[in-house]
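*Asks:* So you can see what is in the structure, the chains are spelled out below.
2 protein chains.
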Amino acid sequence: MTPTIDFYFDFSSPYGYLASEKIEALAHRFGRTVDWRPILLGVVFRQTGMSPLTQIPVKGDYSRRDFERSARFHNVSFRMPAIFPIASQAPARIVLWARARDPALAAHLVHAFYRAYFVDGLDVSSPDVAADVAGGAGVDAATARAAVDDSAMKDMLKREVDAALAAGVFGSPFIVADGEPFWGLDRFDQLERWLTTGGF
Amino acid sequence: MTPTIDFYFDFSSPYGYLASEKIEALAHRFGRTVDWRPILLGVVFRQTGMSPLTQIPVKGDYSRRDFERSARFHNVSFRMPAIFPIASQAPARIVLWARARDPALAAHLVHAFYRAYFVDGLDVSSPDVAADVAGGAGVDAATARAAVDDSAMKDMLKREVDAALAAGVFGSPFIVADGEPFWGLDRFDQLERWLTTGGF
Numbered sequence: 001m002t003p004t005i006d007f008y009f010d011f012s013s014p015y016g017y018l019a020s021e022k023i024e025a026l027a028h029r030f031g032r033t034v035d036w037r038p039i040l041l042g043v044v045f046r047q048t049g050m051s052p053l054t055q056i057p058v059k060g061d062y063s064r065r066d067f068e069r070s071a072r073f074h075n076v077s078f079r080m081p082a083i084f085p086i087a088s089q090a091p092a093r094i095v096l097w098a099r100a101r102d103p104a105l106a107a108h109l110v111h112a113f114y115r116a117y118f119v120d121g122l123d124v125s126s127p128d129v130a131a132d133v134a135g136g137a138g139v140d141a142a143t144a145r146a147a148v149d150d151s152a153m154k155d156m157l158k159r160e161v162d163a164a165l166a167a168g169v170f171g172s173p174f175i176v177a178d179g180e181p182f183w184g185l186d187r188f189d190q191l192e193r194w195l196t197t198g199g200f
Numbered sequence: 201m202t203p204t205i206d207f208y209f210d211f212s213s214p215y216g217y218l219a220s221e222k223i224e225a226l227a228h229r230f231g232r233t234v235d236w237r238p239i240l241l242g243v244v245f246r247q248t249g250m251s252p253l254t255q256i257p258v259k260g261d262y263s264r265r266d267f268e269r270s271a272r273f274h275n276v277s278f279r280m281p282a283i284f285p286i287a288s289q290a291p292a293r294i295v296l297w298a299r300a301r302d303p304a305l306a307a308h309l310v311h312a313f314y315r316a317y318f319v320d321g322l323d324v325s326s327p328d329v330a331a332d333v334a335g336g337a338g339v340d341a342a343t344a345r346a347a348v349d350d351s352a353m354k355d356m357l358k359r360e361v362d363a364a365l366a367a368g369v370f371g372s373p374f375i376v377a378d379g380e381p382f383w384g385l386d387r388f389d390q391l392e393r394w395l396t397t398g399g400f
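Chains as they are written, first to last, in my numbering: chain U, 1 to 200; chain H, 201 to 400.
What the hints contain is simulated information worked out from the structure, not anything from laboratory work. Beta carbons are placed, not taken as given, at the ideal position from N, Cα and C, and that holds for glycine. There could be a bad hint or two in this list.
Listed next, with one range per pair, are the computed distances between beta-carbon atoms [as the list claims (entries may be wrong)]:
| # | chain 1 | residue 1 | chain 2 | residue 2 | range |
| --- | --- | --- | --- | --- | --- |
| 1 | H | Gly249 | U | Asp102 | 40 to 46 angstroms |
| 2 | H | Gly249 | U | Thr2 | 38 to 44 angstroms |
| 3 | H | Lys222 | U | Pro3 | 28 to 34 angstroms |
| 4 | H | Thr343 | U | Gly179 | 49 to 55 angstroms |
| 5 | U | Asp178 | H | Ala363 | 42 to 48 angstroms |
Full structure from sequences and hints, please.
*Replies:* Printed below as a string of structure tokens:
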């Protein structure tokens, strides 16, 4: 079986969103599938001492400009949300619920949540909003809403974040392919060569 | 007159070194010249609260791997120096001394210092080592050595760092072309399109 490509991301990450719109086409060219692995950057940042990009002096202004410019460069619809960053437990737990049942449904929900936040400006940190978005994507909204408060999903997300940290993940998007780590959409050129050549 | 491309960098920056090997070919394709502007990341980091990449937990291990992989990807000779990071006042002052006299000489010295550190492993933070490297690049070594202790060069470097901060520079390499900022070698694709189209 061809190994999957692990795609670690936080629903509050602009670069994670942009990369989410590109990773499947890249994976498909190499006969790979994407394993969508939501994490919580806030927890990760506590381990590394890092801060949300937009809150870093000087770098924050550049980052906002670069989000918009990178979206145009990669031809992805993007509108900086009014509320940023957000806590992403609600959509992350719904995606983990879906991932355990049907990977294709998880992928569908990832795109729905990301676009709801970064295109439509919906605050998907709200469990009710997240359930509505899931409902709009064809999932039973009440079931999605219940997943947010399900202690099994809470535990699963904690384990996923721990596993990500153990795998060396410190940002979003973070891709691991055949054991090799790639941080950021701007490493897709190296990821592509790695998949082509098996390493360089 | 075609405007120059401002290339801000620190001599201790691996990505600055890799980009220094690529920027002239890119600039040349658009009839531009490069203005080499050495800065001190340590001073910049005090303003932004950032740390050297290799000292950040988890991210540090990835960074060292990414330096080597990016060098191979871009086909640039690279060997991680045993002493890292280093203070870069000595080569920076010598380059500023040259830049005030002959931009081509400044470019020549930038490459000599960067390769001395990131290929040959020489500790160019030492004023004597920096003067020797300048001597090997065709500059009078005693004159280069004197530039390191020259209060005019010290003041010029301070002004350059202040100017960089005022221009929004927070990392290395940091390129400004036609007023548009680009952080990192991994934004050269966007820089290239910007130079091609005049903005996007």
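*Asks:* Next, verify each hint and record whether it holds.
*Replies:* Checked hints:
no., hint, result
1, H/Gly249 x U/Asp102: 40 to 46 angstroms, "holds (43 angstroms)"
2, H/Gly249 x U/Thr2: 38 to 44 angstroms, "holds (43 angstroms)"
3, H/Lys222 x U/Pro3: 28 to 34 angstroms, "holds (32 angstroms)"
4, H/Thr343 x U/Gly179: 49 to 55 angstroms, "holds (51 angstroms)"
5, U/Asp178 x H/Ala363: 42 to 48 angstroms, "holds (45 angstroms)"
Violated hints are absent here; each numbered hint is respected by the structure.
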